[in-house]
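The hints should help you fit chains B and C onto chain A, whose structure is shown.
Chains as they are written, first to last, in our numbering: chain A, 1 to 140; chain B, 1001 to 1140; chain C, 2001 to 2140.
No lab work stands behind these hints: they were computed from the structure. Glycine is no exception: its CB is placed at the ideal position from the N, C-alpha and C atoms. One or more hints might be untrue.
[Claimed, not checked] Rough simulated footprint, nothing fancy, chain A against chain C, three-plus residues with beta-carbon under 8 Å:
(1) 2020-2027
(2) 2031-2042
(3) 2065-2072
(4) 2099-2106
(5) 2126-2140
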Amino acid sequence: MNCIQKEIIISKKKRGFHSITDEIISQFPDLENIQNGICQIFIKHTSASLTINEDADPTVLLDFESHFNEMVPENQAYYKHTYEGSDDMPAHLKSSLLGSSINMPLTDGKLNLGTWQGVYLCEHRNHAGPRSLVITIWGN
Amino acid sequence: MNCIQKEIIISKKKRGFHSITDEIISQFPDLENIQNGICQIFIKHTSASLTINEDADPTVLLDFESHFNEMVPENQAYYKHTYEGSDDMPAHLKSSLLGSSINMPLTDGKLNLGTWQGVYLCEHRNHAGPRSLVITIWGN
Amino acid sequence: MNCIQKEIIISKKKRGFHSITDEIISQFPDLENIQNGICQIFIKHTSASLTINEDADPTVLLDFESHFNEMVPENQAYYKHTYEGSDDMPAHLKSSLLGSSINMPLTDGKLNLGTWQGVYLCEHRNHAGPRSLVITIWGN
Chain A
1 MNCIQKEIII
11 SKKKRGFHSI
21 TDEIISQFPD
31 LENIQNGICQ
41 IFIKHTSASL
51 TINEDADPTV
61 LLDFESHFNE
71 MVPENQAYYK
81 HTYEGSDDMP
91 AHLKSSLLGS
101 SINMPLTDGK
111 LNLGTWQGVY
121 LCEHRNHAGP
131 RSLVITIWGN
Chain B
1001 MNCIQKEIII
1011 SKKKRGFHSI
1021 TDEIISQFPD
1031 LENIQNGICQ
1041 IFIKHTSASL
1051 TINEDADPTV
1061 LLDFESHFNE
1071 MVPENQAYYK
1081 HTYEGSDDMP
1091 AHLKSSLLGS
1101 SINMPLTDGK
1111 LNLGTWQGVY
1121 LCEHRNHAGP
1131 RSLVITIWGN
Chain C
2001 MNCIQKEIII
2011 SKKKRGFHSI
2021 TDEIISQFPD
2031 LENIQNGICQ
2041 IFIKHTSASL
2051 TINEDADPTV
2061 LLDFESHFNE
2071 MVPENQAYYK
2081 HTYEGSDDMP
2091 AHLKSSLLGS
2101 SINMPLTDGK
2111 LNLGTWQGVY
2121 LCEHRNHAGP
2131 RSLVITIWGN
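In isolation and in its complexed conformation, chain A is listed as follows:
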């Protein structure tokens, strides 16, 4: 078994959900060095997150943003952590609902995703910078 790890930077994105599958594969060609195993991606931030979902129709990405804004609204009376802006506390909540890491199987040296699956970067802040990800792969 082998284990390879690398930190990459994903370019600044506007608030919303973005497919980054191609950006990951192009920045991490080492994927083909593991035949059977796992690819794990971790985001080193608390107001952006990662998830796997439909990577075909771009309206899915828009609907994710609309629904998460409904489920985790800004300016709730019960928020105490407000001094970084009205988008900040909702960003933390959305991050934990979606999660800070994803796992995908590696099979025959490639991401073994379903036909419609892709990796989303979920940017929950109005004005964020680039985001740091740590990619770790392991297996045979």
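Just chains B and C, lined up with the frame of chain A:
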């Protein structure tokens, strides 16, 4: 260390939450080949998901379905991705809220779950087919 | 590659969100035995969960509790699993929304978290006992 990976098919389930712990163990007897490590299960779909929760009282499974329908309703005015049916976009959202993979420790060649824990397949579509899972285990 | 696994007990916490990063590091000094790899923590319970989020301002922890109580209310008419108390079914739902395991990269023998990130134990019951976690680390 060793790493073993296999793709299995879970039979078609109706919409709702289903315990599949036994179905997984019976389809993947290789679990006993890893003494200490991890079992990871990944679902290759964007409208069904996996989670770990109470595996004793079947009303918990029903309450999960009721609550997720409340928290992620169908026919919201802000949904744009609607052409695959009113259950489709909520299915994508529920999938990302619950997640496409689960991790469980393997200890002494067995899943090291808590007393009440089991694996749920969460089927979010009204009329789905069988679902493909990739199981990967690694460790000593 | 190597893989090390240990079960630890986290002392009883009151209902709410608690930073346990230091408690984990002090109970599991073996972290430094893996230079590059992953640390995975699994909670063996169905009414408490784990997440990674902001570990600086304690009001974030309070806002998590407030928001999860709003998003997953007690005493909903559709709950059937009610005999263990009004906090029980919401606890199961919150656990699956947040998840029963977290993954963090290990780099140079340390948790490779972002500047503001820490590990939360999310205690969803009114009167819970200590909680069992299984920590597994692997890598080079």
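Problem set entry | List of violated hint numbers, smallest to largest | Those not satisfied come down to hint 1.
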